[in-house]
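Protein chains: 2
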Amino acid sequence: MKEIRIDDINNDIVIFAKDRSRRPMDKVIKGNEECIIKEYNKSCPFCRGNEYYTLESKFKIENEKGWIVRSIDNKFPIVDNLQDNIYGNHEVMIDTYRHNGSFYNMTEEEFYNMLLMYKDRYSNLIKNKKVQYVSIFKNYLREAGASLNHPHSQIVSLSIMPPDIEREIYISKQYYIKNNRYLYDDIINEEINTKKRVINNSENFLTIVPKTTKYTGEIRILFKKNIKFEHIRNKDIRELSSIFKRLFSNLFEINGDIPFNIFIHSHPKDIELEYFNVHIHIIPRMYRFGGFELSTGIYVSSIEPKDLADKIKF
Amino acid sequence: MKEIRIDDINNDIVIFAKDRSRRPMDKVIKGNEECIIKEYNKSCPFCRGNEYYTLESKFKIENEKGWIVRSIDNKFPIVDNLQDNIYGNHEVMIDTYRHNGSFYNMTEEEFYNMLLMYKDRYSNLIKNKKVQYVSIFKNYLREAGASLNHPHSQIVSLSIMPPDIEREIYISKQYYIKNNRYLYDDIINEEINTKKRVINNSENFLTIVPKTTKYTGEIRILFKKNIKFEHIRNKDIRELSSIFKRLFSNLFEINGDIPFNIFIHSHPKDIELEYFNVHIHIIPRMYRFGGFELSTGIYVSSIEPKDLADKIKF
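As they're listed, the protein sequences go chains A and B.
Sequential numbering from -9 applies to the first sequence in our numbering.
Sequential numbering from -9 applies to the second sequence in our numbering.
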């Protein structure tokens, strides 16, 4: 039995085909056992003590031993400030001074400092008059696009509106016009009421396996309150740190050390706040798209969100 | 220096950032040396002699030794004919009886038979009244989504219009409305005139590195004449076989045995023919998208199409 499902936040089309999971290719890319490496690596440009490899810090948090997190300009930026048709900044945010850190083993405190840095850099870059949108993302392991092992995230400000954000905003606005209700409120209420896809429901965040997604294994963290990312309070960051800690511990137990991407979808500069809630997409890179997806823009899924949520929830 | 480029057939947005190619992660996935394996593999369901593994042939071409190519129903179909909201057929087309065949070593004659099969299955599936679109694609190697080694392509008929096709059609129609000229004619003329991105220009096909594409290394073969795929003549198939043979030989010399996807973008059932020319996308899977691309729908490229075309042209 096949079924067409539509992702409610971006209208992605997914054919749900349960039997396909029996195919050999649908086997998960196995995570390697965690590689034990040292806290400091002499040749790593992102390690504490090796600051001479990189440019000056744009931001850092320090303790008595030195910096814990820091943000620096990316040496190979996607955008720069040398022309006007595509303008922006691109920084690398070092998640932790520990070379052997990863989302799978970072402490709540480490996540907290990292998220404080996310907020600082975001608030700083979104202020620029030329900037329309600021994108925060992380690539973990080479399969997910990472070029260096030391744990790091990235932030890119852009003078243009990204089409994927434009699409999500458009859909949320159309939803409001049609229903006189907010899309994200309705999703949050539905998920909390039906319960079955909820991984965690805390005061300010709802963590779910989305009803439909083109990325098998995707997890979303929705901000329940309608605030801009730069207005997130330290108390909320605390809460989010605890969610990150527990979520990635559970993911590691289930999948091992697998590649993933994580990115924040936040408000573009000039959008009316109401239509759109900040949310975080977490995409394990366990499956690869083939020619069908690349050719049609239709995706195929064979895993019931409920089954996945059951495994991860906390 | 960064530059915004727009793919003229689908409006994909690409930031051209030449410097990025110096990053460690932009290294090409190295192709393995060609694995010498035998023509027949006892446990392969797609090998000649092992037909009992699979369902009956929907189509085959035979010589005195048995079948050379055959098409069979996919055992794990993306779509089936059991319901109406998403209806279709999904066949596996075995490119050649040779287990050790691949696009990198197939003869012109093998390509010819394979393409005859593409045409037969396409013509057959597009006739079905419920079908809107028929997608032909191939996944080569696991990185590109292949599940079995024996060389095979796939064909899927669909009762729904794929969004990526809808977008290409929409753009070509808008172009006509605005310019009173056909987009594909203009692209073909421009490419032939400027020459620099042309890989091969034959009587009925133009093979190019597109000016802009989200997939680094993509090659496109454009049908010069505006015909539906089911109306391709055997003479054209001959010509296309020769192009495939030379193109993939050259790609093998440059990159080795790397994964790729190939897919045909053909006319949906009811579209006016004029707006849109059939074309083939060939996508080497050498690079992986990271969180920036997944998050924004903006892509980054650092290779000049001209430089790539120079290496491959014949």
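Think of the hints as simulated: they come from the structure by calculation, not from any bench.
Possibly wrong hints are sitting among the right ones.
Remember, identical chains collapse to one label, so a pair may be satisfied in a single copy or spanning two.
Said to hold, decoys possible - Pairs of lysine to aspartate or glutamate, EDC-like flavour, derived with a Cα cap of 16 Å:
no., residue 1, residue 2
1, Lys303, Glu156
2, Lys204, Asp154
3, Lys201, Glu29
4, Lys214, Glu156
5, Lys163, Asp175
6, Lys65, Asp9
7, Lys8, Asp260
For each hint, the structure was consulted:
1. Taking the shortest Cα distances, Lys303 and Glu156 never come within 16 Å of each other, neither inside one copy (31 Å) nor across copies (38 Å).
2. Taking the closest pair of Cα atoms, Lys204 and Asp154 come within 16 Å of each other both inside a single copy (13 Å) and across two copies (14 Å).
3. Proximity of Lys201 and Glu29 under a CA criterion of 16 Å is satisfied in neither setting, with 39 Å inside one chain copy and 45 Å between copies.
4. In the homo-oligomer, the alpha carbons of Lys214 and Glu156 never lie at most 16 Å apart, since the shortest distance is 21 Å inside one protomer and 35 Å across protomers.
5. Proximity of Lys163 and Asp175 under a CA criterion of 16 Å is satisfied intra-copy only: 13 Å inside one chain copy versus 38 Å between copies.
6. Proximity of Lys65 and Asp9 under a CA criterion of 16 Å is satisfied inter-copy only: 9 Å between copies versus 46 Å inside one chain copy.
7. In this assembly of identical chains, Lys8 and Asp260 lie within 16 Å of each other by CA distance neither inside one copy nor across copies; the values are 42 Å within and 31 Å between.
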